[in-house]
Amino acid sequence: MCPILTEKEAAAPLRSTAPDTRQLLVDHITAGQTDFYRLAFSYVQNRDAALDVVQEAVVKALTKVDTLREPAYLKTWFYRILLNECMNHFRQSRRLVPLETSLDERAAEGRDPGERLDLYDAIGKLSPREQAVIRLRFFEDMKLEEIAQCTGTNLNTVKSRLYKALKKLKEMTGEEIEHES
Amino acid sequence: MNPELERAKERYHSVEPPEELAFAVATAVRAGDQARRSRHALRRSLGTALASCACFVLLVNTSPTFAQAVYEVPVLGRLARIFTVAEYQIEDQEHLIDVRLPALENTGHTALEQRINTEISTRIQSLLDEAEERARSARAAYIATGGEAEDFMPVIIDVDYEIKCQNDRYLSFLITETETQATAFQQLYPYSIDLESGKELTLRDLLGPDWKEIVNASVREQIAQRSQDPDHVYWGGDDYSEAFTSIRDNQPFYLNEAGRPVVLFEKYEIAPGYMGVQEFEIPS
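Protein sequence lines, in the order shown, are assigned to chains V and R.
One point on numbering: in this note's numbering, the residue at position 49 of the first sequence is 49, and numbering is uninterrupted.
One point on numbering: in this note's numbering, the residue at position 238 of the second sequence is 238, and numbering is uninterrupted.
No wet-lab data here; the hints were simulated from the structure.
Some clues are possibly wrong.
What the hints assert, rightly or not - Where chain V lies over chain R, by a calculated footprint (3+ residues, C-beta under 8 Å): (1) 3 to 14; (2) 21 to 33.
Said to hold, decoys possible - Below, a list of computed lysine to aspartate or glutamate pairs in the EDC-like style, where the Cα atoms sit at most 20 Å apart: (3) V/Lys170 x R/Glu6; (4) V/Lys168 x R/Glu87; (5) V/Lys125 x R/Glu113; (6) V/Lys167 x V/Glu178; (7) V/Lys75 x R/Glu269; (8) V/Lys164 x R/Glu148; (9) V/Lys167 x R/Glu87; (10) V/Lys164 x V/Glu146; (11) V/Lys168 x V/Asp118; (12) R/Lys9 x V/Asp35; (13) R/Lys9 x V/Asp27; (14) V/Lys125 x V/Glu145; (15) V/Lys60 x R/Asp158; (16) V/Lys167 x V/Glu130; (17) V/Lys125 x R/Glu87; (18) V/Lys159 x V/Glu171; (19) V/Lys60 x R/Glu162; (20) V/Lys143 x V/Glu130; (21) V/Lys143 x R/Glu6; (22) V/Lys60 x R/Glu281; (23) R/Lys9 x V/Asp52; (24) V/Lys159 x R/Asp92; (25) R/Lys9 x V/Asp118; (26) V/Lys170 x R/Glu4; (27) R/Lys9 x V/Glu70; (28) V/Lys75 x V/Asp121; (29) V/Lys60 x R/Glu6; (30) R/Lys9 x V/Asp20; (31) R/Lys212 x R/Glu269; (32) R/Lys267 x R/Glu257; (33) V/Lys75 x V/Glu146; (34) V/Lys167 x R/Glu6; (35) V/Lys167 x R/Glu148; (36) R/Lys164 x V/Glu171; (37) R/Lys9 x V/Asp66; (38) V/Lys75 x R/Asp33; (39) V/Lys75 x V/Asp118; (40) V/Lys168 x R/Glu4.
Predicted model, so just to flag it, every value in this text is computed and none were measured.
C-beta atoms are modelled at their ideal positions from N, C-alpha and C, and glycine is treated no differently.
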């Protein structure tokens with residue numbers, strides 16, 4: 001019997017790409033797991049779902065680590081995978097609980113304009129992409145260029161999303177948030 | 001910094017991860033490593049726009065004589081193999097597409113190789129075209145019903161393959177295409193080729209003229225066995241009257257490492273959706 005390609009052989013060309021990107025990725029994931037969990041939690045607002053999101057992102061990243069040519073992009077590359085998982089789950093959970101959500105929204109519309117929404121809760125009402133920009137910018141203290149890489153867009157799109165999100169947040173909370181790019 | 005923003009930031013960072021996070025991450029790393037190992041090297045790139053959900057099985061049965069012959073030629077010591085012919089990612093307003101497309105080489109049957117490779121690429125292409133069309137109309141509907149274009153979550157399309165069996169006699173792999181909108185959607189499109197005759201390999205070739213009875217008996221037995229776990233539910237309850245009666249003539253299958261056929265039932269086919277695709281290894 002002659003296996004066409006044994007596991008060892010299959011793994012060999014991957015291992016030769018020095019430095020070991022897979023190890024860098026695992027280190028990055030292990031070191032940042034709390035941050036990644038928080039970001040996931042902020043989208044899904046549920047412990048088990050947040051764990052799922054992190055797990056799925058990790059599996060996906062490791063499966064595809066060999067497509068990552070430049071280890072310098074590892075951090076933003078992983079964020080991109082994680083954000084995609086977050087947004088996907090956010091979308092699912094939003095569709096799965098339409099009644100609750102629609103009741104919430106109706107309540108929000110009929111709200112007394114004097115009564116303002118808490119900023120944290122207001123962020124959760126933005127579109128998933130706007131949420132990403134706000135959280136990465138203000139909670140993870142990322143630069144706009146980095147956010148562009150993490151979200152797979154360009155700087156101009158990030159800027160316009162940021163302005164739009166801040167405007168919406170101001171409408172919802174009355175808070176003016178200044179930002180410098 | 002704005003005090004309200006400061007407070008929101010504190011609340012964001014006050015979320016404490018559960019104890020099992022480290023374990024969950026380690027488990028995911030292992031699963032990821034495993035998936036990574038099952039896919040392998042030699043990739044070329046090809047940049048076309050494509051996208052949907054399907055799953056095919058492609059099975060190649062090289063004859064032992066052929067294997068023997070090649071074995072004796074040192075340069076050709078390595079047999080037929082599956083490699084990634086196309087790998088690309090596309091991200092735009094409507095979809096996130098991630099494709100890893102396999103092809104065959106060194107099977108020793110050029111015409112057959114070409115036929116299979118063309119079949120894979122045309123099949124995937126047409127599925128991707130359909131999926132792209134679906135994504136476009138979903139987006140149009142989203143906007144027409146008052147959604148903001150920018151907020152539309154792109155449809156996620158993933159094409160990948162897994163090698164199920166590779167030895168000097170058989171080559172079997174499974175291509176999966178998954179389309180995720182709110183929920184993932186999957187179908188199976190299998191086909192198997194006998195390299196010697198250049199025909200599709202069937203369960204009959206593997207199991208003999210009584211293949212249907214053999215598979216049915218084995219599946220029935222395995223369903224009964226699995227049903228002992230209360231979490232495993234199949235349609236039809238105890239007598240399986242509504243559920244499994246017989247496999248279809250073209251029931252999808254692949255070969256596992258041991259070279260035994262594994263019969264596949266699509267999601268919902270014989271069990272509730274949460275049971276997923278059901279696989280039954282048929283002892284030979």
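**OP:** Determine which of the earlier numbered hints do not hold for this structure and return their numbers in increasing order.
**Re:** When the structure is compared with the hints, numbers 4, 5, 7, 9, 13, 14, 17, 22, 23, 27, 28, 29, 30, 32, 36, 37 and 39 turn out to be violated.
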